[in-house]
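Asks: Here is how the chains run, residue by residue.
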Amino acid sequence: MTTTFLRRLGPLLLGGVAALSLAPAANAAEELRIGFVAPTTGIFAQVGKDMVDGFQLYLDDVNSDFGGAKVKFIVEDEQGKPDTAVTRAKKLALQDKVHLLVGGLLASSGYALAPVSTAEKTVYVVPVSAADDLTQRDLAKYPYLIRTGWSSSQPSHPFGQWACDQGYKKIAAIGADYAFGYEVIGGFQRAFEACGGQIIQKIWPPLGTKDFGPYIPTIRQDADAILTLMVGPMSLQFPKQLAASGNKKPVLGGGTSYDEFVLPSMGDEVIGHVSALQYSAALENPKNEAFVKKYRAKFGKVPSYYSETNYTSAQMIHEVIKNNKGNFPGAEEFVKQLAALKLDTIRGPVSIDDMRNPVQNIYIKKVEKKKMFGYDKEELWNSVIKTYPNVTQFGQFNKEEFLKTPVYSRDFPPCKFCN
Amino acid sequence: MKSQNIKVLSVVVALAAIAIIVPNTNSFVILLMTRALAFSILVMSVDVLLGYTGLPSLGQAAYLGVGAYVTAILATRYQFGLGYDFWIVALLGICFSAALAAVFGLLAIRATGVYFLMITLALGQCAWGLAYRWNSLTGGDNGINLRARPKFGIDLANEVTFFYLVFGFFAVSLLLMYTLVRSPFGRSLMGIRERELRMKILGYNTWLHKYLAFIIAGGFGGLAGVLWAHTAGIVSPENVVLTTSVDALLMAVLGGAGTLVGGVIGAMIVFGLREYLSTLVPWWQYVLGAVYVLTILYLPTGLMGIPQRIRQRRTLMGRRDDMKKIATVTS
Amino acid sequence: MPPKKTAAQTRPTGYGAATVTPATAAIWRGVRCNRGKVSSRRCCDQRGTGGGMNTQFWLIQAFNGISYGALLFLVGSGLSLIFGVMRIVNLSHGSYFLLGGYVALSVIWTTGSWALALPVAALAIAVVGLLMERIFLRPLGFDPLRQVLLTVGFAFLFQQAALDIWTGNNFDINPPEALTRSIVIGGLYLPLYRVFMIAMAAAIGLALWLVMEKTRMGAAVRATVDDAQMARGVGIDTSRISMFIFALGAFLAALGGVIGGAFLGIYPGLDFEMLPIAFAVVIIGGMGSLGGAAIGALLVGLADNFGKALFPEVSYFTLYAPMALILAVKPTGLFGRE
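Protein chains in written order, with my numbering: chain A, 1 to 419; chain B, 1 to 331; chain C, 1 to 338.
Chain A extracted, bound-state conformation (with noise of 0.2 Å):
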């Protein structure tokens, strides 16, 4: 971090306002230019954190060095706005001239940054924003983009069929009120209504909310089971206040409900609740033991998603790079050869689908308080209880009549037994 800012300082000191109008100069093959938006500074500045935390480890395992190629590493603070985020893409393209961007956390940077990607003819590769459409029905308009992460209702078409399984007919559901909300909620509902549940009520509290007084009450109390889907301070809250007004009901939540960002603050009632992602920290296979070992002697805490996407498009890039002997590709044939890409990663086996999303294990966790990988302090940890391999975004569902159907929103899919 120190160097990079020191780099960075330097021609502030030195040029002044001559370096403005400087741009780096056109150089050899073997440096690589990732450009890196995140949020770090601001509300969601820990996430941004996280996030290059992430990529940076992965830098370090290979000594920034990606078969020959020397990767120059610039991290944006988009600070949360989208706007912003937007007019640092367009400094990392036009002034840095950067091979690759990666990045963007919300939803709404994802789709700021995407038209610029289109604009600029350069690489966007999505580790987080999980906006669905990105990869769906927009996708012919983003022709460089390519997503490394997820799709927001990917884990979801799984955990509907799961909900099912255990036997619960009726779910009320209640969601953080946006387009992730929609996506992850409405995902569920496809998938547990295509095998019989019913989706009996759907309440949004707005994005931020804390105080959940005015919707816990409302809560069906015919309902066998309760879906939510929190973000960030919301999802602290919403487990204990539930837990307050005397709630007995079996809890399941969205991924980023019970991730590894918000796990460490939480309390003891949110044991015995369960997700689904893409990933879980207390995953039992050899790299992942490692990178959580490593990630958490370095930064002190345990890694969340966040972070460990980040690492694993580092590897994903790395790999194409290696496979050219180190030389970029050019922005159309690296989108090609990326998503031609099998690879073993942290999460497990990973490629990318023809619509450039990735394929993917998808975990069924359950919150339990316990030790893991040595560790000799009791904590939580979402213990993986099932695994779906090789989940595709459209889950069980037929892709073309998949994206017939309109994206996930407030509306759609219909509550029909909202009464």
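Treat each hint with caution, since some may be false.
[Stated by the list, open to error] Partner residues are not named here, just some residues of chain B that face chain A (Cβ under 10 Å, in silico):
| id | residue |
| --- | --- |
| 1 | Y276 |
| 2 | W284 |
| 3 | Q285 |
[To be verified] No farther apart than 30 Å at their CA atoms in a straight line, the calculated lysine-lysine pairs in the DSSO-like style are these:
| id | chain 1 | residue 1 | chain 2 | residue 2 |
| --- | --- | --- | --- | --- |
| 4 | A | K97 | B | K151 |
| 5 | A | K386 | A | K294 |
| 6 | B | K200 | C | K330 |
| 7 | A | K141 | B | K200 |
| 8 | A | K121 | B | K151 |
[As the list claims (entries may be wrong)] Computed, partial: chain C to chain B, Cβ under 8 Å:
| id | residue |
| --- | --- |
| 9 | V89 |
| 10 | M212 |
| 11 | F272 |
| 12 | A321 |
| 13 | M323 |
Since the hints were made in silico from the structure, they are not lab data.
Keep in mind that this is a model prediction, so the values were computed, not measured.
Using N, Cα and C, we set each Cβ at its ideal position, and we do this for glycine too.
Since the structure of chain A is already known, use the hints to place chains B and C on it.
Replies: Using the frame of chain A, we list chains B and C on its own:
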């Protein structure tokens, strides 16, 4: 009168310099300048209220928001405003914002000083609340993505042509507001700022004057919004938050309230710090905070007040020297 | 849980209330909600809430609203006092709230004691407020605009400092085990922590009232609120009063931060989330009036709660629009003095 001419001349020279130099820098700088100029229109509209009428508005982002959302909604839903009809959108943006200001003004104009600050804050929050929660219209938290910039003979997707468009709007706005504040109407606004009661006694309808100023400022805010929407190609509730209003107010004060141009300088500095310095160092926010705090503590008249202060000090010193001379002569 | 019959009987009332007033909301959205058309989403939502929309629903929502109002009172009363005495619109008040929570976290991490964190955090932030008033605000004299802007500058500085000191992780303050349970009264689950918040706000409100009404200090403060110049004239040291009030305001905000921390969490951005809500409280209640702050907090708590439960899509609007209206009609708020 002569010094006024010099001032105007230097502003014209500075603008010409911007118009010539900026397009020859790299694209990121062009983009930043475009954004700074678009936002400057909003800052100048704040200054018309703050510096010339004495009304500190903490809700100016609402008008930026209206302009931006009108542009985005028309463009994405009705494919309107992407050709020559862009000019109609610009007009609509101004009208809608002015209309909102006309409604808000009815509520706000009665209040003065701190109360005006609070009521505009409340009204600004209303606008934000709608942008944030009225999902079906505004897209809620996701905001609205504009697919393309308008094309009419010239293609605005090109950063340089777009810069010139925004620059043109900016220059015209500056000219209009300058004319406004120097007109008899502007003079009576300043009279109200200095002593409202006296103006009332002199027979001026001060309420109407302030109300009109409020609406005009709202209209310019809307214009800034129309341009703002196209600079980044995305409109989100982030544009309407309280801090955007606070920014505009701070920029005006930083540059020097009641000077119009000062607000522009303030905007340039803040954009420079926030957008450019932040690409270099992680602690830019301390710098920005410190700049604000120090300006307010030590430069109550803003950056534009510096020459004035220097002159004052010089006269003071000069006078002291004279006194000394007199003293030595008489002794 | 509730007997089905009651639900069916009271549902029409709930519906009436929900369909008449937010009709505008439905029209805006282009979705007309008729009682017959159950397929539309609005009805879907309402039916959802309708599942429990009976006396119990109203009772528990009222309780939730009051407890949220209790928290708002802690934040709002300080803001109101500062405004009343010094005419300063303190935009770093939200920062005091957040910093209070962070300091409390540090105390809890080192000592493990929540009870200790409460006073330590509040006093620490009171000192911060005191220093800010003495060193930065006082020299400005009376200049509302510059004072406001100065407090914003500090809010930005505090935000970044908090990020650097406590990282941007989302934290939660865990109150003692005893407060995390619920009491059950007539089938209603009342979380004890919310009861505690109400009790705490009531106790502090009472203490403040006693200080203001029964002590010499309080009399001096009231005199300063009414007419600072006159107060100075009769020998009241208004400068010291200002210092005391500013520190007290910071103290109350920080206390709110610690208490609210267990309820809202502690995370970056909370400062600018609390600020406008605190303002709503003060504006509605009237600036500089303790009783006004109490009423304002209660109104905002209830409006926010019922607004969100009944008209989710325009919930923020339902909070800020009445605020603007009240200001327009009576610029000094419901109980403010001219």
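Asks: Each hint should be assessed against the structure and marked as holding or not.
Replies: Each hint tested on the structure:
1. At about 8 Å, the closest approach between the beta carbon of Y276/B and any beta carbon in chain A falls short of 10 Å, and the interface hint on this residue holds.
2. Nearest Cβ of chain A to the Cβ of W284/B: about 8 Å, under the 10 Å cut. The hint holds.
3. With its C-beta approaching chain A no nearer than about 6 Å, Q285/B sits inside the 10 Å limit, and its interface hint holds.
4. Among the hinted pairs, K97/A with K151/B is consistent with the structure: their alpha-carbon atoms are about 26 Å apart, no more than 30 Å.
5. Distance check on the hinted pair: K386/A and K294/A sit about 26 Å apart at the alpha-carbon level, within 30 Å; holds.
6. Proposed proximity of K200/B and K330/C is supported: the alpha carbons are some 22 Å apart, at most 30 Å.
7. Proximity of K141/A to K200/B is assessed by CA-CA distance (about 61 Å); at most 30 Å being required, the pair is judged violated.
8. Between K121/A and K151/B, the direct Cα distance comes to roughly 20 Å. Compliance with the 30 Å bound is thereby established for this hinted pair.
9. Taking 8 Å as the C-beta cut-off, the interface hint given for V89/C holds, the closest approach to chain B being about 6 Å.
10. For M212/C, the shortest C-beta to C-beta distance to chain B is roughly 22 Å, which exceeds 8 Å, and the interface hint is violated.
11. Residue-level restraint check for F272/C holds (minimum Cβ-Cβ distance to chain B is 7 Å; threshold 8 Å).
12. The interface hint given for A321/C holds, since its Cβ lies 6 Å from the closest Cβ of chain B, which is under the 8 Å cut-off.
13. Nearest Cβ of chain B to the Cβ of M323/C: about 5 Å, under the 8 Å cut. The hint holds.
In summary, the structure is inconsistent with hints 7 and 10 from the numbered list given earlier, while agreeing with the others.
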